[in-house]
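There are 2 protein chains.
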Amino acid sequence: MDRVIRRTGWDKDSTTDNGNRFLTANGYMGIRGTLPEYGRNELAAINLAGLYHKVGNGWRESLNAPNPLYVLHRVDGVACTPGVMPYASHEQALDITRGLHTRSTVFDLCVLRDERFCSMDNPHLLCLRSELTGIRGAADTDARTDSDIWEIYGPHYNHVESGADKGVIWVLAQTDTGQQVAVARRGTLAEDAESRVYTCCAAIYTSLDCQNPLAAAIRALDDADYDILRRAHTAAWAALWQCAEVSIDGDPFAEEALNYSLYHLLSIAPRHAASLSVPARGLSGQTYKGAVFWDTEMFMLDFYLAVQPQAARACVRYRIDTLQGALDKAAEYGYRGAFYAWESQEGGFDACSDYNVTDVFTGRPVRTYFRDRQYHITAAVVYGLMKYTRWTKDMSLLLDGGYEVLAQSARFYLSLLWQKPGSRTYQILGAVGPDEYHEKVDNNAYTNEMARWTLLTAAEVLAEMKGSHPAAYAALEQKIGFERELPLYKRASARLKEKKPGKDGLIEQFDGYFALEDVSVDTVRGRLMDPREYWGGANGVAAHTRVIKQADVIAMLYMLRGRYAGKTTRANYDYYEPRTEHGSSLSACMYALAACMMERPDAAYPLFMKSAAADLAGGGKQWAGLVYIGGTHPAAAGGAYMTFLYGFLGLEIRQGLPVLHPRLPEGWKSASCKIQLGGFEYTLKAKADGSRTAIKAPL
Amino acid sequence: MDRVIRRTGWDKDSTTDNGNRFLTANGYMGIRGTLPEYGRNELAAINLAGLYHKVGNGWRESLNAPNPLYVLHRVDGVACTPGVMPYASHEQALDITRGLHTRSTVFDLCVLRDERFCSMDNPHLLCLRSELTGIRGAADTDARTDSDIWEIYGPHYNHVESGADKGVIWVLAQTDTGQQVAVARRGTLAEDAESRVYTCCAAIYTSLDCQNPLAAAIRALDDADYDILRRAHTAAWAALWQCAEVSIDGDPFAEEALNYSLYHLLSIAPRHAASLSVPARGLSGQTYKGAVFWDTEMFMLDFYLAVQPQAARACVRYRIDTLQGALDKAAEYGYRGAFYAWESQEGGFDACSDYNVTDVFTGRPVRTYFRDRQYHITAAVVYGLMKYTRWTKDMSLLLDGGYEVLAQSARFYLSLLWQKPGSRTYQILGAVGPDEYHEKVDNNAYTNEMARWTLLTAAEVLAEMKGSHPAAYAALEQKIGFERELPLYKRASARLKEKKPGKDGLIEQFDGYFALEDVSVDTVRGRLMDPREYWGGANGVAAHTRVIKQADVIAMLYMLRGRYAGKTTRANYDYYEPRTEHGSSLSACMYALAACMMERPDAAYPLFMKSAAADLAGGGKQWAGLVYIGGTHPAAAGGAYMTFLYGFLGLEIRQGLPVLHPRLPEGWKSASCKIQLGGFEYTLKAKADGSRTAIKAPL
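Note that the protein sequences, when read in sequence, are chains A and B. If you count the first sequence from 1, position 426 lands on 426 in the numbering used here, and the numbers rise without skipping. If you count the second sequence from 1, position 344 lands on 344 in the numbering used here, and the numbers rise without skipping.
None of the hints are false.
Straight-line alpha carbon distances no greater than 25 Å define the calculated SDA-like cross-link-like pairs of lysine to any residue that follow:
hint	chain 1	residue 1	chain 2	residue 2
1	B	Lys420	A	Tyr335
2	B	Lys440	B	Tyr335
3	B	Lys420	A	Gln419
4	A	Lys420	B	Pro487
5	B	Lys687	B	Gly250
6	A	Lys497	B	Gly430
7	A	Lys499	B	Tyr335
8	A	Lys440	B	Tyr369
9	A	Lys420	B	Glu483
Using C-beta positions, here's what the derived DEER-type ranges look like:
hint	chain 1	residue 1	chain 2	residue 2	range
10	A	Pro531	B	Ala88	56 to 62 Å
11	B	Gly422	A	His661	43 to 49 Å
12	A	Ala494	B	Arg424	20 to 26 Å
13	A	Asp13	B	Pro578	48 to 54 Å
14	B	Gly422	A	Gly690	50 to 56 Å
Chain B side only, calculated, beta carbon under 10 Å to chain A, not exhaustive:
hint	residue
15	Asp354
16	Ser415
17	Tyr426
18	Glu439
19	Asp511
20	Val541
If you are wondering where the hints come from, they were derived from the structure by calculation, not from laboratory data. Even for Gly, the Cβ is constructed at its ideal location relative to N, Cα and C.
Kindly produce the complete structure, drawing on both the sequences and the hints.
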């Protein structure tokens, strides 16, 4: 495999999209795909995983590091950058096979080529080589660590020191809450009359890593050599691709888009950490506060389970380790058990603001209910935990906190329930479902069914635990006293109101949904007076119509597949799909998966491609009200993979073995990939004629 | 008594205020206090009681009649109206003793005096005399029935016919739903070189009155004579004032303001009807759709009970007769029993729109929850019914439908309740209390306590009924089967969540209120970007603060006085009053009443005056979003009366007899009024020295 994504030519308005498109990352950090001479105005950033800080009344968000790879050449005093110095050609490229970002610009006065990578071998390292040749004039080079960085709610560093130590230039940036980000670099400039070659190796350590991150960063550059580091880096990528690559014979664009999606998932996988999850916009910046959403459990975990099980483990482990945050949040709202964070930062702190959208007409913050009412997040966490456990057969996470998560999650749903006096039916009131455009709705089908599933799963798994791990069971009972609640889980799951399919097979998304105005997505869009308007909230254009943001009933039908008849899926797909804005990158892939369940791969295909190419194509919704929501879309990438694996290949695990039920889209001759399962690596392949193979090999 | 309200001088911007200030009405119709030469642009209107119609997507609203009293004089072709013809002086006046509207303008080319009244003797009649004298030039007079009328959501008449019949000019206006409004007039013009006197008697009948309203209107003018009708009219007013007048020795402005308020209440009292209530803006126009709100039960009924018991009976009867509308509304929302209309039109139809406010920035309708969630309206209806019954000892309304209202109201509250599985506490979720700025709140103290009061009252009164009226009881049981619910009423009233006073005596207005932003009313006002902005709703400036629109906890403390300790009233008054915008005319008088309960008449006084002078002073809030809400404020008038009677005089009824506990404001030497009670008329008088008398006389 040798895949390179290229964009030729330059225009200013593509800078943001390219920053996402050409991202290089290694789970520890993400370097936005901006040119090396770019700074805060072009949204250049090195985004750090798992480190958060809040300034004043701004939102608490992830930190960006000072940028040690900044370099700007000038010839005759003119900056060598498109838009300033005239140029004949310009190309920016990303070699996804090797994880290399490159640029090549033929300026009037010189030729500039650079290469940059974020080491997949050592998560703290990042390197750049910048070659200026054919210089016609007097050249100079400004290479430095750029501390004047892009931040959405900054500045986060109230103290920045810098210095030099044996050829290493360092910057130590500190927040007012004691977080430290140390950035060291070792740069060399080789020059003659017609050329200059600047080479830089840099290291980043933070106070999350060790006591003295500055010393660690400096030490990491001992003997640092660009070429040696590059070899280790590309070898690491090769090892990743060995298992991760997918092949689609007959559809090169789909193959490129899907592998490009997997590039992103591999780039941001938390391989270096035992307990860390993936932010909703990956490591492409501070959008959504760098926080972890249900996106991980819903759409990324499947890929990691299949090809990066250690990363999957770190993600699930993160939820177990943040249980206390979920317990605290539940208590804050008067519930019991675990109410997981909608926007999870370290410790499970919910960074979601009560005012998460800004009104475009007044500039005022708008009260939203993502944080308070997306009760379904807890079910997603349990779903992820069980997905991990069932795929890997690894009981260690259940035993090391996972059982407790189960019990506290069921307890949470128990505490959510309401009933009418004298009625046996339990209800969940005032929820926000996956379709966030409709707030505080009663008996959202998705929420109710996922709550029921959680209650049942907890009841079953904890009952098994009593037999299989009696000592752990007794210890857990001692700790949180859940046993007397087990019958309540079952009772609640039996009594919880079900939004049953009607005669026509339709499931009402929530109580009263079918009474809302029935207009098309285009009609609702036509009512926008400002393209940045938020569609939901109390008064958004979609709020009082049947137009929904993303898969909701369909998400439920997919998540709980097997519980519903095929005709129910078909009826609801045909009803809800035309009413879905797909305003979330989580939407298209859900519909694609549902279409495959209905044996309609060709209906799934455009939705699959929309997901797979989300970041490759760029564009997409950049605003919710006046809040910037741009960045990469790893959930869409993961959803595309799921559509490929479960949808088109039709993978099911039966008795621990992979079984395919292929339904390839028109034009696909064959499709194949590898997965790790039960201690083996399987090469899965399906052909257009329906034949399929699963070849087993030792890991 | 001889009281005249005068305004001298003219400016265009006062036209709307004067239209309210100088209103003349007789319960059947209200003639806005505009000049006789005014038309739709100056909001001239003859508003009709109890007749409603809807056009297209507009709001269903009360009808205005064509105006038979229109008259415009011209001299040398120049219209005799301020702003067109130069003038030396201009006065508009209202003789509230006699119910006469007059104007007097000394123009450069003539002197114009006119007098107009809305007959208090015959509710169908209205008369005008217009005298032009000192004419210097060639005069002509345009007297006609103006059918080009002011309507908010019109035009309502799709067919207008006119004709003449034996000196009577008639207009018959019809709606597309068959309503007819017939307007007949008989006008005479007497003229000489220097003067012209136009005299007009007119009659209005509608299809609510009889089969052939046109014939009735024409017949009503047989032998109509201005002076004779005027004598009958002023005699009727004199009879009304004989009982209604209040005296305040030592405070002539308060005396004037309060009597002026009573003038309005007398003007709009539904004396002519057996079953009709009073719209929230009286008969001053189509504001609030001409609909009946809880204003009647809360603030007007007390005055009518004291001096116009037949009008009180008509108002209560109206609620009994509109029970079916309340049953239908409850069913519409999935409740049982009677959920009364928030904006009640004929038959109890709830005219309240789901979108009752317009966003000033976008012009879009805003979803509000007045209609769906103001559960407390049903309690207000029961409260009014019981107030009537307890004051008059007249059981006939209970027997003729009132008991059924009680049972259906308790049933409604029963059906509202929620509980947590395993908890004995019942809760009312998602309510809108009197303070409409906070929507969909849980356990609003006012709502819960009024619901509890309704449940308890229904349980007690229906239990009494079994003994006192066994046949009626059996018939009602046969009809609606309520008996098995009686124990549930009691249980629910015992279990319903109480917002108990804290250690500091404070009662939280609803769950979570004390967690809201605590800022001043002025701070919140300062956040307005447009003065017409609605403060409430999901995103209004007050919605997420502790600033409230109107008395809420204080309303509860007043309504259920006797249940709470004096220190509780004081603590909550001191807390909530500074946080109250008094954005409703229902607010100030509640606080005034509470201040009197606390023996602080001087704190009550400015709030009393604000209520009493609401329409005299004019101004006030004219807009909620882009919706016009101007008009007269009979609830404020009634609230002022209540403050006078129950607050300052301190009236209580003990064993059927009036007992005073005077607490007169500073400067009042004495205060007196008459009330009808138990078949007698009592002249009540309190003096500053604390002495008081109640002199009994036969009715």
